[in-house]
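Construct all of the structure, not just a fragment, from the sequences and the given hints.
Taken in sequence, the protein lines are chains A and B.
For the first sequence, counting from 1, position 100 maps to 100 in the UniProt record's numbering; every step adds exactly one.
For the second sequence, counting from 1, position 662 maps to 662 in the UniProt record's numbering; every step adds exactly one.
Among the clues, some could well be false.
Said to hold, decoys possible - Derived DSS-like pairs: lysine-lysine, alpha-carbon spacing no greater than 30 Å straight-line:
id, chain 1, residue 1, chain 2, residue 2
1, B, Lys748, A, Lys57
2, A, Lys80, B, Lys543
3, A, Lys185, A, Lys60
4, A, Lys80, B, Lys638
5, A, Lys185, B, Lys711
6, B, Lys711, A, Lys122
7, A, Lys80, B, Lys500
8, B, Lys890, A, Lys80
9, B, Lys761, A, Lys80
10, A, Lys122, B, Lys638
11, B, Lys890, B, Lys804
12, B, Lys711, B, Lys726
13, B, Lys543, B, Lys522
14, B, Lys522, B, Lys438
15, A, Lys80, B, Lys673
16, B, Lys635, A, Lys122
17, B, Lys761, A, Lys57
18, A, Lys122, B, Lys642
19, A, Lys106, A, Lys168
20, B, Lys414, B, Lys543
21, B, Lys635, A, Lys80
22, B, Lys890, B, Lys916
Please keep in mind that the hints were generated in silico from the structure rather than gathered at the bench.
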Amino acid sequence: MASHALGGPRPGNRNVLLKIVILGDGGVGKSCLMNRYVNNQFNDNSFHTIGVEFLNKDVKINDETYTMQIWDTAGQERFKSLRTPFYRGTDICMLTFAVDDRTSFKNLTMWKNEFLHYANIKDASTFPFIVVASKADIGADKRVVTESEIKCWCEVNDNIPYIETSSKDAINVETAFALGVDSWKRLEEAFDKTNNYVADTVNLSRLAQRNSSKCCSN
Amino acid sequence: MNRFFITMPELKAIIVSNISPRLKRAARKANPFDKTEKSKELYHHDSFKRVQELDGGFFEKFGTLLREQAAEDTKEVHEDSKEKGEEETASEEETEETPPDQGDIISNALLNIEELYSEILFETLHIIGSDASIIEEQDTLFAYLQEAFKVDQERHTVMLEAAKEKEAPNILLNVEVVEGKELSPKDANVENTPDDVLCLEVWDFDPAETVREKMTKIGDVKGVKGLTKLMKEIAVTASTGKHDNEFIGTATVPLKSIPAAGQTLWCNLEKKSKVKRQGLVKVKVSFSSEKNSHVAAQEHRHLLRILLLHELEQNKTEAFEWKGEFCVPAATLVRQHLAQSGLGPTDDALAQWVEFATVHTSHPLSFHLFADLVRKLVQPINSGLLSDEEIKLFWDGAKKLLPSCFNSIKKLRKLIPGEKSTSLHLQSLLTILAELSKVQQTENLDLFPSSVYGWITSKDSPNDIRSALTDAITQSAVDWFQHVVDHNKPTDDSDEARLKHLIKVLQVVRTDLQRAIDFHDKLFGQIMLFPYSRTLYIIYDNKVSEMTEPVVTDLCMSLKPIKYNEYDEPIQNDSNDSTLLAIGTTLFELYLVLQRFAVLAKGLCPADLEGLHAQQFHTWYHRGVAQWLDIAVYKAMKRIAKAVDLDELQPVDANVQYSASPIDTLAIFNQIKVFWQQLAWPDVEGSYTFVAKIMDDVCINCVYYADIMSKKVDNMGETETVYEKKFEVTNEWCYAINNIDYVRLSIKSFMNDLGVDEIIKQLADFRSPNAAEHCRVTLQLLIDNAIDTVRNKILDLLEVVAVKMTPSISRFLVEGAELLNQENNSVDRLMQYLEESLCTLSSQLNPENFDRILSIIWTKLAQIMYNLVESSLEKRRPPSFFANLHEMLKILTGFFRPDNGAAPPSLGANSEVLAKIEQLLMLHGMDTWQLIQQCHLERLNEQQQLTAAPLGMLTVRMQFVHDLLRIEIMNARNIRPMDDNGSCDPYVKVHLVPEEKFTGITRPRTKTHKKTLFPLFDEIFSIQLSREQREMKDAMVHFLIKDQDFLGMSSDFVAEAYFPFSGIPATTMETRLDEMTQIHLKLSKPSRMDSPAIKALDHRQGEKLAKDFIKKQRSKAGSKASITNGNH
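Here you go:
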């Protein structure tokens, strides 16, 4: 039957699309985070990302199915002009650093600013950022960034949620992404609330636009 | 009169006699000559300075030429600057072409002119050689001389007379036997017989050697050492015949036949006694004199200069035009002077070199002339045939000539490239340099004095002509580049103007390189082994990069990204204004020009690529490209919007079912692709990322197209009359859908055209196959996502169509259901509506999309139907309403059922809904009796599903004998206790259902058994039925076990069981009932009041029958509850 050949999503079961961008210094483990999340794999000897990489993942959170479009970026400075064009239209931004790399932590501010600038974000204070500390599996002796300073940074930066993960040991990886979705949802709800005096069509069109502005898949 | 003979031991014989030196006269000439030399040197400096000052003018002209060329190429030349350039050039040309004042030179030479004059007159009187023997010619020569030397008549007569009185000169004849052949086997000798005939006698000189061997040796000395240098007298008295030498033959050459410049000729050898020719001898004969060679050479130089100046004056020869051709009298005079002064060709060449170079400084002569001369001189010099003084003269000449050579090379751009004259000019210039490079330089030779060669930078090898050439070319390139930059000044301070300026400069530079490659490189390479274009390229590369990089980097940094609103549409405001876009575009133009420039290097200097700045030009653009791509998206969106706006939603031609805008949209994508291809980004990692970006952008554009296309058709097809509001599926809708699909289907091939495979391949080489695979996956996902997203858009639109059809469908269905039996044509109208819509869809949509929409409409229909049933139930519509709806559903199902009889589209997905609808419609369409029977059937079904028998078992035997039903109720077990004492007083009552079909039939019952849960009834009943009743479908025996209360006045329901007629064996009269199998029936009671039939009955509360049945069922079910409670 043609309808089977179509094979695509049926009306009504198309997922909410979320564009997630993972940022952070080179070598903090952005690709590992994505690969653990999407493929549940971990490769210690992964190579530098070239510019950007992209993967889809369908995930059900709180009874709603989302298609996450995850853009992994290259952290090296020389790739800056290659990755920034992809920021526009992002729903969730993950700022990553490695707990054994103080510079990567210090650069969070730089990453946040770079993102805000190129993604053309109007209200930086409410945008769904997530701070992801990677390599939480390493021993305490190797750890150089303390939890309190991270929390301090997050507090200063409009209370960005923060989570410690290990792609190697598969700790908190899913939670990190779920946290991002939560933040996004809260923003959406707040948006709907402030706009509830306008007819529903506004929200619908906005959502439709949101979906159509990016690629969706299943 | 003179008798010469030449002997063979030297293999070359020159016989000179009657020497009469005239040293006295020659000595007096030296001084004034030096003076002249000095003044010329001064003049030379002066003129060079002026040229330098005017260099600007040259650049003007060249710039103009190039701009014109560039204009052909780019059509972007500013007219005004061109005109200006021409003016300046013209004025410069004028200055340069002003002929030098020859009078000065002549007058400087005046002191010795008279002596030279009288010498030349004397020589003219005694003309020698075959070519100048006619007496009349003497008068012409005298006239010419008088004019050239500017001597008045009186003086001329005096001097001529004086000359005539002088003793005739002694002229020497130099004879050189070069080779002989076909000689008779005898040695050769030369003898001059009396009376103006050169007589060569050839003798067999040495019998020990064969003649042939000797002749070979003669061949060896072809490169005769300067005759004038080695005037050795080697006459041997061989002719006396005092030895055994044998005479071979004699050759005679009349002296009058020998031209003044000498001659090389083959002579026949003859012997008086023999007729047969004795062989051939090649003889070189020339005249010479015993004059002091030094003096003669000076005289000759002086003569050459005077004649040349006169020649130039007479003929008004243009600069660089004179190629060494004197007029006939002058040529004769020169030849005569050479011959009578005993000067050889090298003397002549050196004299010409020196004098012409001097004249060249004030009146440039053809370089071709100098090229010839230097070629003649190099070998004699390197063979050591020239005296130190002569070599000094040679280098002095060279020093005078070289500045002009280098100047001309620097002005190469001024000449019309590709013309024969230009290449000859360049060839001569390079030949001069190449030949000079071959000459061993003398000590302390300051070939390039810094006062003249300010531009020479390499001090390491002060006299190296090649490095001077490099410097000259470098300096001219640098100057020229600066000139190009200066004379194409940006029109204003804007970034745009700066970029345009750079583009223009680059185009002009590139044209220059192209010319260098096309026209000059070969000559430079062949003659000087000089990589001309490569040298230029490296200079330009440096200059261009120096000038361009900061501008490009700055601009790329300062470009603001295009702002988008929350609907991802570009915001029309100042930051997106046209200036920004124009700069982006111009930046790209510059990129392309840079790219073309960089590509040249691959051919010109493949070995130097690493060090060339412009090879990295793309890195200047890194930040700009992202903005470009945004600009591309922005422009594409604007164009797509325009295309959709203009689209009339008519097929572009009869064969297709899409309109114009998808074609326009794809053309726009194609432009993005072409942009990308032109960009030809050199770095593979960047390529990959930008391609990913382009794919993402194209996806955005596809979705944008789908959105605005949907918006365009959104309110089409809706008609509103007084009676109804109706939506009709129109062709426009179909085209809109097809259009989007057309765009969708083109995505893949578009993406592939971006060269993804090649990029992945390069990535695998450059990084690793693994990394390349990651990138491939990313790109593939982007393509898939783009296609999926657009397909979702199509589905959205199809659904919009279906949704828009919903109200009409709904209304037709309601009308149909209410009025079906009143000869209403609602069903027909529904069918017609559906048919019309589907026909349009079917004929205009492609099969795939038609199937999609069919499936969507069918799904919608099911939903409509379901909602209708639900709402109708709430409204407690009569059973006929539902029965009518059921009929219509059947018609629709048939309508959507494909011809091949398969299930209707997407029934799979909707089957549950449809089954539910059908059940609802069936039940609600029944009358109440049917529904009650349906309840019984449900109960039977439930009973059959039981696995245990919590309420006990009933055992019976049954048979049909014809229409007689015989039932034996045997016993019951484990029936539930009904009384407080835990026991029961059971009896069994037999009903036949459907009850309304068995009215009038006695319902048999057993006796009541007291206080037992295991009653043994053992009673047999016979019930006579009609044939009709007997064969009734779904008819069942309904056993009810009841509990008689102790008064015998009423009874309570205990449990029940059903058994269908269809399960009862039909037997003959003879068969006894006790032969039948015992049937164990599981006892149960109604447990749920939510079965579909019960629910349907429940909707009929207004009907007594239904109400009573429900009540009864409730009580049956409820009694258990109370018992259960009681058991606690």
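So which of the earlier hints does this model not fit?
8
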